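Chemist: Below are the chains, spelled out letter by letter.
There are 4 protein chains.
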Amino acid sequence: MKKLQVAMIGGGGEGSFFGAVHRRAIAFDDTREVVAGALRSQPEAAMQAAADWGIRGYPDYPSMIEDIQQGRLQIDYVTIVTPNHQHFKPAKACIEAGIPVVCEKPMTMTVDEAEELARLVEQKNTPFVLAHTYTGHPMMMYARELVATGEIGEIRKIESWYNQGWLADKLEDAGVQQAGWRTDPQKAGLSNCGGDIGTHAMVAATWTSGLEVKNVSARLNSFVQGRLLDDDFNVLAQMSNGATALIWATQIAVGYKNDNGFRLFGSKGSLEWHQERAEKLLLRQGNCDQTYWLGANFDFWPESVASYLRVPAGHHEDFFEALANLHCTMERQLRRNRGENTPAPYPHPDVRTGVAGMRFVAAAVNSSKQQGAWTEV
Amino acid sequence: MKKLQVAMIGGGGEGSFFGAVHRRAIAFDDTREVVAGALRSQPEAAMQAAADWGIRGYPDYPSMIEDIQQGRLQIDYVTIVTPNHQHFKPAKACIEAGIPVVCEKPMTMTVDEAEELARLVEQKNTPFVLAHTYTGHPMMMYARELVATGEIGEIRKIESWYNQGWLADKLEDAGVQQAGWRTDPQKAGLSNCGGDIGTHAMVAATWTSGLEVKNVSARLNSFVQGRLLDDDFNVLAQMSNGATALIWATQIAVGYKNDNGFRLFGSKGSLEWHQERAEKLLLRQGNCDQTYWLGANFDFWPESVASYLRVPAGHHEDFFEALANLHCTMERQLRRNRGENTPAPYPHPDVRTGVAGMRFVAAAVNSSKQQGAWTEV
Amino acid sequence: MKKLQVAMIGGGGEGSFFGAVHRRAIAFDDTREVVAGALRSQPEAAMQAAADWGIRGYPDYPSMIEDIQQGRLQIDYVTIVTPNHQHFKPAKACIEAGIPVVCEKPMTMTVDEAEELARLVEQKNTPFVLAHTYTGHPMMMYARELVATGEIGEIRKIESWYNQGWLADKLEDAGVQQAGWRTDPQKAGLSNCGGDIGTHAMVAATWTSGLEVKNVSARLNSFVQGRLLDDDFNVLAQMSNGATALIWATQIAVGYKNDNGFRLFGSKGSLEWHQERAEKLLLRQGNCDQTYWLGANFDFWPESVASYLRVPAGHHEDFFEALANLHCTMERQLRRNRGENTPAPYPHPDVRTGVAGMRFVAAAVNSSKQQGAWTEV
Amino acid sequence: MKKLQVAMIGGGGEGSFFGAVHRRAIAFDDTREVVAGALRSQPEAAMQAAADWGIRGYPDYPSMIEDIQQGRLQIDYVTIVTPNHQHFKPAKACIEAGIPVVCEKPMTMTVDEAEELARLVEQKNTPFVLAHTYTGHPMMMYARELVATGEIGEIRKIESWYNQGWLADKLEDAGVQQAGWRTDPQKAGLSNCGGDIGTHAMVAATWTSGLEVKNVSARLNSFVQGRLLDDDFNVLAQMSNGATALIWATQIAVGYKNDNGFRLFGSKGSLEWHQERAEKLLLRQGNCDQTYWLGANFDFWPESVASYLRVPAGHHEDFFEALANLHCTMERQLRRNRGENTPAPYPHPDVRTGVAGMRFVAAAVNSSKQQGAWTEV
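Chains as they are written, first to last, in the numbering used here: chain H, 66 to 442; chain V, 66 to 442; chain E, 66 to 442; chain G, 66 to 442.
Worth flagging that the hints you see were computed from the coordinates, not collected in a lab. Hints may contain errors.
A pair holds if it fits inside one copy or across any two, identical chains being indistinguishable in the list.
Computed cross-link-like contacts, DSBU-like style, restricted to lysine-lysine with a CA-CA straight-line distance of at most 30 angstroms [to be verified]:
#, residue 1, residue 2
1, K345, K252
2, K189, K434
3, K333, K434
4, K345, K333
5, K279, K434
6, K333, K252
7, K345, K235
8, K235, K333
This one's a predicted model, so the numbers in the text were calculated from it and none came from an experiment.
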């Protein structure tokens, strides 16, 4: 089985975190490999980074796309790992060129951009996966299956959150690159906390439940003196079925690393999941709590989940495996399209999720400016 | 040391939960005892209940108060354990008669009633403890101490919650007494979920932090068909120092028993506590999580906390001990007032907490009716 | 219902921990009360302690027993809370006088003494409860029920442990009374760690499983320089059904408070319980872990367990409630004997458990002296 | 930076678990890749498996080694993933040919074989890593650092365990390949449970503490009817510094997946780690428990640990990352040897660990046969 060939846009900077992460997630299954890249915004740095990685380098993404279109570079899909404000243009260029895309989130800077990508994807029928990594966790997928099969009944209420503490101090003034672009309105867009991690909380609330956010009442805060964008993000939401959701995120929770998770309260049961204990899913129904583990027998899981598992009984999969699962979903789509035999790709977040995320953040920003007035998404 | 003599109003009903609980909390330290009571609203039933308990019975609380005032019944304080709508009148009568009161919460049906009690308590200088049981947990007391000594810096954000599942079905139609009066506007007042457990979440957010709730934006729901009062209660709050608080409670979280807790995020650290793991307090500041246990050496704790502990190193105290601690606070006040030597009473919730709670619930109900408009408390 | 009248032997010393604990456990349900006591070994101190408690004092236990026998003191049962080496004589005297006894553990200093008490109890048919407090935890009782009903099949292996850290330093030289008598062969007997907490681990392994220890291979250590008795206790055991048990205890596990618990591995499932999370019981059988909580609906539990519960749905009971349950078992036996209507007493540890415990410790001490040779219990 | 080229022996069978695991662990960092393999014992199947993987195939390992020696195949090291009884021969052949080896454990079938490999490695100075995967967990490495720097003082006692449940039924009769060879004396050697997972528990006890096992008293059981080798393994051990260790493993703990971990009790503190919560390390010293997380700031960790971390602040690494770390240690050794600039390789388990493991298992088997007589390792 020939490995899929992947090209990367962005991700080669020295302080870049997600470039190396995607690279590992792509390599992970030994069925995909990064072979080319326009890894940085400065042409020379981009060429140097590619040389360091030992892959074919391009000074910028247009020249790489040109080569792909001209058949001078054979790749199966592109992964976009640039800062938020640089997702839209390369994503648009790829989609227009018919090149499948795995794109980091938040998808774009504005709702208009997001909708334009969605229109293009529909027109061109281009495979597109949005890298909401946590949806790749098998227990989050299993939660979605349990909801879909009615195990917890009609959902009434949702809690979905993402607490971090790393921006409790003004790291952007201390030269920390990850902090710099996230808190810069020119690079991060309307929202820092909401866009960066609030969207993860929104996706946890919607993707697992199958519901959409209809209206929001929000309060955004900038607790750190002098910060231009929000570092705290609180939303009360009305969901498409009448349920209420509390969706919140913060970056000033000192000592909290990655406290992301959700609770779904249905008429017949409840589900609870924590990213920091990703291998477990808690189902509450009657007089005992049921905890499902990644470690269950292989044949216990529905095929949709089991086909993504790499470790039988008792070992854990975590962050890299979750992201690798999204690349795996792209891989399955591509192999299926060319007639290869693979299990079905899971319905992981796509370009429509990106549109919903942008609308959600924009509505929350607007609501907050209007003293929490209920605002349609 | 002579035991304090306690009289009880309410608590003798067959389905009554809190009567037996207070009775045990009073007896617990073997320094207080229930000796008299007007235990039920029906005179005959009241006399029978007292006979069953083996204490001096009264057909109604006025006749008991009459006896106390006339010196025919010697008691040190009264405990009020009636349903919500029957707190105000006996509390008022006791305070006016100068009888110290431990009162169940929510304190009254209306803000006006609450304020009237507060005025009377101030006039008469009557000892008054409001039974927010969880504040009796030593780790919640220790959290309050850590905040007060500046350990976590200025508080920026608070999460405070109370998730239960027992009203996910319409138990009030199934004859469950505890469900009946709580969901009946005549007996529970403006709010079911907010009054019953939302006030606990509010107290966790304010009592530990030393902050007050200034404004609220709320959404209350009645998820169970045909229920007249809220069974779900969500509040975004502005605190007196500018912090934001998320305060929520629900009774429809299937399988959740008593998931009450808080997170306080300060500029220098965070505190987290869960009532269901009441013996632990989590302090996060630097690179490791610090978990304090009830089990620490006795001499570790500040005297204010240590003087309430009953078990050295390694055993837990829980619900009954927490409530006993509130009775202990009343006991210390009374013994101090008469010149006995006891450790200082801890500043547990009092009549002002009751006023704040009633205002909070009323403001949340109003805000919810006005689509979440920010409402002053 | 008249309260049971209880007399106490020991427990009044200033450094005494268990005296106050039993006193609270007796008072807890407001159906029993301590009314008399020979609380200390020095007559004057004993009288003073009783005066401080506000109960009828005796200078020594023989004079108290004399009064009971002569009808000058009416009590229902005696609780013995003296140091280990002073259990036997008062227990023997009470049993011979036909006075029911709740006795602290380890029951005696020697196997011979234990067997003598057992013979006397059988002759006199005197109610006798041995205060293995943890067996009063409802989840430990429920574990025993699940084993008895075959839920986990035939037991193959047991882990049972008790890790503490408080004796990691030589506290006996620092004047800590609790450390002093426990590490003194004259007062503690053959073994410190084994007798004090190893017996708890043994009881967890036997009482829940319904099995007996047949043979042991043991290694005892005294890790703290100059300590005369063991502070570390390790036993491999053959159980009556052929199962193997690992039973261990230590007092030098720095920072461990009261890490007592067990795992029972049966042919059809496993049970796990931790004293420090006493409200939960873990049952593992198939593909999900089932966690039972004290918080389950009242009507879920078998009557044998439910009749001991004080808190419906969602609140915890802990150490004091567990010990109160043992006094409750004594209370039920006594009330039943006189024809009162009470639920059935649970088969909590009794004098035979005390004999088994002494034999177990003696066999372990012998095995350790013989390089771990398998030794019959 | 050129990727290291890796050849694999074994691992290509259809039911093989570890072949795919090593393949992913090798590919993970995108700095190593499997390029060749003798993947199965049947020549044709071996060639087919290699074709399926898309690598250069060999019908057997001798022909592959021949090609390597003749310079016809350029590889940097070999990974051996055959069943236990087939480790020795290819390992010996590789070492003799001067080819570096990452070898699965247990290293050999007999102590003699293990010692022969150790002698050869010393003679030839061949890099050799033994795949005790769990030692690759950063928190296990950090535990080792804390011990080495004296953080917990002199170690007095160790608990080290490995509980699994997957062999509670006789899966070897149901055609489960993983069960088949492990319970077959011809393929697994002296011991099933001891060799397969007991050695992990031993390594946890020795590698983290820096101590050796001197003497053992053991009891092995075969609980499942008709099983020829042990499925339960219990060892009391005397360590080189006089400490006592409890080392146990079982495969009949129904519902337990991979409950592997250790507790180290030192004179100044205790460490606790669980493989199923691999991202956390618990340090207990004074009045609060300190929990270290993988999620701490990068610059918190000692360079020896930090240089192995892939995820900054707040995400987890798990099983694959741990194994990848062992391959990374091999990679660092090789790159250093050729003068490339890499961080120092960590002292992960090597051929001497393999010898110690074999001696440990052999001594335990002998002790068990002699009724637990203390046996020198």
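Chemist: Given a CA cutoff of 30 angstroms, do K345 and K333 count as a within-copy pair, a between-copy pair, both, or neither?
Modeler: Both, since 20 angstroms and 23 angstroms are each at most 30 angstroms.
Chemist: My question is about K345 and K235: at a cut-off of 30 angstroms on alpha-carbon distance, are they close within one copy, between copies, both, or neither?
Modeler: between (34 angstroms within a copy, 28 angstroms between copies)
Chemist: Please work out whether the CA atoms of K235 and K333 approach to 30 angstroms or closer within one copy, between two copies, in both situations, or in neither?
Modeler: Cα proximity of K235 and K333: across copies only (13 angstroms, versus 45 angstroms in one copy).
Chemist: Between copies, within a copy, both or neither: which fits K333 and K252 at Cα up to 30 angstroms?
Modeler: Between copies only: 28 angstroms across, 44 angstroms inside.
Chemist: Evaluate K189 and K434 at a C-alpha cut-off of 30 angstroms and name the case that applies: within, between, both or neither.
Modeler: neither (37 angstroms within a copy, 47 angstroms between copies)
Chemist: If the cut is 30 angstroms between Cα atoms, do K279 and K434 qualify within a copy, between copies, both or neither?
Modeler: Classified as both; 18 angstroms inside a copy, 19 angstroms across copies.
Chemist: Given identical chains, is K333 near K434, meaning Cα to Cα at most 30 angstroms, within a copy, between copies, both, or neither?
Modeler: between (38 angstroms within a copy, 28 angstroms between copies)
Chemist: Please sort K345 with K252 into within, between, both or neither, judging by C-alpha distance up to 30 angstroms.
Modeler: Answer is neither: 36 angstroms inside a copy and 35 angstroms across each miss the 30 angstroms cutoff.
The earlier numbered hints that this structure contradicts are 1 and 2.
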